[in-house]
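K.L.:
Letter by letter, the chains look like this.
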Amino acid sequence: MMRAGFADPVLDAQACFRAVLEAMARPGRVHRVAAPPEPPAPLAAAAAAVLLTLADADTPAWLDAGAGAEAWLRFHAGCPLAASPAQAGFVLACGAPPRLAALAQGTEEEPHRSATLILQVKALEPGAGWRLTGPGIEREHRLLVEGMPPDFPAQWAANRAGFPCGVDVILCAGDRLAALPRTTALEIG
Amino acid sequence: MAGPAPGSTPAGPDPDEAARRRWMGVLARAGAAEIAARLDQVPPLPPHRRLRGPETGLVMARGRQGGDGAPFNLGEMTVTRCSVRLEDGTVGHAYVAGRDARQAELAAMLDAALQDPTRRDALLAAVIEPLAAAQAAAAARVAAKAAATRVQFFTMANMR
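As given, the protein sequences belong to chains B and D, one line each in that order.
The first sequence runs 1 to 189 under this note's numbering.
The second sequence runs 1001 to 1160 under this note's numbering.
It is worth saying that the hints were derived from the structure and are not from the lab.
A few of these clues could be false.
Here are some chain B residues pointing at chain D (derived, C-beta under 8 Å) [said to hold, decoys possible]:
1. Met1
2. Met2
3. Gly5
4. His76
5. Pro80
Even glycine gets a Cβ: it sits at the ideal position worked out from N, Cα and C.
All chains should be modelled from the sequences, with the hints used to inform the complete structure.
P.N.:
Put into structure tokens, the structure is as follows:
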């Protein structure tokens, strides 16, 4: 059954955009989406809100959440669906995420043409876990993410080595989100 | 999503689709007050939830010279759209010219209700057919007025 999108499409999308902006500017800080939509399962509130906010008719999206979620996104965001993750501007993964190297990386001239990966994870906790350093972080931010593939830190190191190309990641759990822009360095423990 | 959404590929010749296209067209040409007056004479429509809108925006109307030339942008027009869902999951859509949010919502509610075969005939008879008759009468009136001012160029034919 088709569900509604944002209660107030303009203001709620602006509030979500601000949350994503703050999360990208301070990698590893956890933000809440104030007024998330009620997405169809298995999409969680924050991941669906980010996709509704960012995707539009010019950004092909790819998601592994099934036909109900695809129809919902098509209806509310009006974005085309990509045939494979490599062709998508936004990739949403609820289950096992595609490898970062398999997504659009951008080019040296146009690094902004890379994909943004929206990863729906089990939990996000600041203050423990990964040590994040880089632009936007004064000393270090710590972020504990549950439900990531074990080789993600290695993939992330390879992703960062390709700068200015590379994928940006938005981590979503429930109505909370945090971001890993391609400039952020990640160390375990 | 139930039924063809705007922008999706048409499903080919389908009697249900042709009927739906007709009632959507009639509702898009009728004013909110006219639709509401007709709705007063039928049992209340089932409760609905707004999925999107009613919201007003611009769409680019495109034309083709001679009907088969290259497409060109004719100009932008104001359109109000609304999509609603009934409790059984049926989705109704409406795109109407102008800024009348009430008309768009009534048209979307009726589109959803008309997809239910058990109510369709009653609603068609009580709402759609009278509106279509009124629109046909108004079009005939305008055509008759224009026909009265028609100039017949007899001379061109008689001079030869």
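K.L.:
For each hint given before, does the structure comply? Return the numbers of the non-compliant ones in rising order.
P.N.:
Violated: hint 5 alone.
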